[in-house]
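Undergrad: These are the residues of each chain, in order.
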Amino acid sequence: MIELLASSIRLATPLLFASMGGLLCERAGVATICLEGVMLTSAWTAAVVNYYTHNAWLAVTVALWVGALTMGIHAFLTISAKADQIISGVVVNFLAAGITPLLTNAIFGAPTNTPSIPLTDRFHNLEIWGLSAIPGLGKILFSHPPLIYIALLLPFAVHFAVYRTGFGLRLLASGDGPEALRTAGVSPGRVRYAALLIGGALTSLGGTFLSISHTSQFTRDMTAGRGFIALTALIFGKWRPVPTFFACLFFGFADALQIQLQSTKVFGIQFPVQFIQALPYLVTLVVLVGFIGKAIPPLSIGKRLG
Amino acid sequence: MKKLWDALKGPIAGVLLSLAVSAALLAFLGESPFVLLEALQSTLFTSFGLGYTLFYATPLIFTGLAVAVCFHCGLFNIGAEGQLYLGSIGIVIIGSLFPNLPGILALVLGISAAFLFGGLWGGLAGLLKAKRGSHEVIVTILLNFVGIALVNYLILYPLRNRTVQNPETLEVTAPYFLPTLSDAFGLFESTPVNLALFLAVLTAVGAFFFLFRTAWGYELRAVGACNRASEFAGISVGRNMMLAMFLGGGLAGMVGVNEVMGHQHKLVEGFSPQYGFTGIAVALLARNHPIGILLSAVLFGALHNSAREIEFLSDKVSKELSLVLQGLIIAFVASHYLFEHTLKRRKKEAA
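Residue numbers (this note's numbering), protein chains in the order written: chain A, 1 to 306; chain B, 1001 to 1351.
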């Protein structure tokens, strides 16, 4: 049970980063179905930088910029070129899914995965002094690699940034009433650019976590729909940071349960692995359809700026 | 004539720009930038190459239509990938239930099964959208994962051909076979392009008449144009959304006709090189016009075929090149505003 909960936290981490990144973008009024693509390019970058430089923190930093840049394409297409936001998101997902195996193939000779990063160069578990010794809870919360702590604190930081700062106020206005923002002399386009670049950087941490902390290499399509699950968590949390945080933990738990079920019998029956693997998506779907009720997105989402 | 040119110039410019950008990418990867043009030439202008191109174009016509019909109703169907697997397994299921039917009946039943299985899977997303307001983009993406898992289970357990190592189903019986064009007419050497191509062309023409020449199609497009206004006009928004998603799913399901009845005669795990997602690019390039989709599907079939050929010839480039091409083409077509706006401003300044 303790292992299951610790594993839930690990699997919730990429969702937390991506949904917080997505939150900034969507609250600014830009629909962001390209979280998947942003995570892919940054996962690739982090794996390659960590492999060559033997420095995990450098990998995190470079991937931050690549994440921002990838989301920057979405920003350019939706804000400057006034492309449809969903279509632009599809573009970014296509480009990321194509360019990462192409580059992997060009550099390492096969499109499937980058070489494994040696154990000594990777992130290690950071036991929080004193707290990790608490029976049960210590193992669940306080014995993880560093990115996980950042993920667990991030929703509260985003909450503060969105509801308690001037930037947050402009962000919300850009999403709910860009015309009002313009009347006040602030360019909603600029606010959206800023939100998307920062959102892209936050989302990148989800990809980075997958390739250099959760595993030790980039594999083709390694995000496996997590960008979309993060998006559902965001809707489930009604675009608010703290409820979204709990939604991510719930989906992380579903994923952890899925992995555990693959090796255990329930009531003496071993379920086929295909059904078990579909479980997180099925849970997400049921939650989306059954329990969310009426979710009201930021008012101007999906609409072009005039 | 001028109208036709106005409709075509945007997509043509988009394709040319994308080819130029990918040539630069090829050079960056250490490959000759002209390798794509050479591959395109052999995939479009040799009878063997064209045969494979048309074989890939056939499913893309179906998935392109699957996206376009939903688009006309204001819905974005990203679920064609799951729907096409459901349609394909539908043929195998019906084929194994009724193995001994007379020829024409088996063909009709097989095609209907593909349409119905895909249609119900797509219609499910339409139902959830209409009744629960769940966003169809996220629902169809999640249904992809669930649907493909379900089909994989059916391939691996109840319908599996246990005499072979590869995960694949038992074969359907001979009455369900659609002949290849090389068997029927001696065309395209020994490539797998088959009569499903004609079915795809007929379907596109049918989709055109449905959308633009019938009252049902008019209602569906009215909902897409403005669902509040159409509701006031007495059109049921929910019913049209369900209808659009059912038709979209059914069209995607028809991919199975090409794959199962025309080519493999069985369903192999993971057969689709993302036909469903490429359908989005096909529809967007054609601006969702069914006849345009025929042209755009051939182009994307050729690009996919070329990317495979390049992967075979080059050790520096893998077949994912076609994903990048698709992304670029959609990007250029979707940002036509940018070009038109800049051109207009130039003209104004010149005046």
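Please keep in mind that the hints were generated in silico from the structure rather than gathered at the bench. Don't take every hint at face value.
Stated by the list, open to error - Sample of chain B residues with no beta-carbon within 12 Å of chain A, all distances over it, derived:
| id | residue |
| --- | --- |
| 1 | Leu-1124 |
| 2 | Ile-1141 |
| 3 | Asn-1152 |
| 4 | Val-1324 |
Claimed, not checked - Per label pair, the in silico range of CB-to-CB distance:
| id | chain 1 | residue 1 | chain 2 | residue 2 | range |
| --- | --- | --- | --- | --- | --- |
| 5 | A | Tyr-52 | B | Ser-1032 | 19 to 29 Å |
| 6 | A | Thr-61 | B | Phe-1312 | 35 to 45 Å |
| 7 | B | Leu-1295 | A | Phe-275 | 54 to 64 Å |
| 8 | A | Pro-135 | B | Asn-1166 | 34 to 44 Å |
| 9 | B | Thr-1046 | A | Pro-146 | 53 to 63 Å |
| 10 | A | Thr-183 | B | Lys-1348 | 46 to 56 Å |
| 11 | B | Gln-1165 | A | Glu-3 | 32 to 42 Å |
| 12 | B | Gln-1165 | A | Thr-264 | 27 to 37 Å |
Using N, Cα and C, we set each Cβ at its ideal position, and we do this for glycine too.
Undergrad: A separate judgement is required for each hint: does it hold in the structure or not?
TA: Cross-check of the supplied hints:
1. Leu-1124: At about 10 Å from chain A, Leu-1124/B fails to clear the 12 Å cut-off, so the statement is violated.
2. Ile-1141: Check fails; 5 Å does not lie beyond 12 Å.
3. Asn-1152: violated (5 Å)
4. Val-1324: Contrary to the label, Val-1324/B does not stay out of reach of chain A, its closest Cβ about 4 Å off (not over 12 Å).
5. Tyr-52/A - Ser-1032/B: 19 to 29 Å: holds (27 Å)
6. Thr-61/A - Phe-1312/B: 35 to 45 Å: holds (39 Å)
7. Leu-1295/B - Phe-275/A: 54 to 64 Å: 41 Å Cβ-Cβ, so the 54 to 64 Å window is violated.
8. Pro-135/A - Asn-1166/B: 34 to 44 Å: violated (50 Å)
9. Thr-1046/B - Pro-146/A: 53 to 63 Å: holds (56 Å)
10. Thr-183/A - Lys-1348/B: 46 to 56 Å: Cβ of Thr-183/A to Cβ of Lys-1348/B: about 27 Å, so the range 46 to 56 Å is violated.
11. Gln-1165/B - Glu-3/A: 32 to 42 Å: holds (35 Å)
12. Gln-1165/B - Thr-264/A: 27 to 37 Å: Holds: the Cβ-Cβ distance is about 28 Å, inside 27 to 37 Å.
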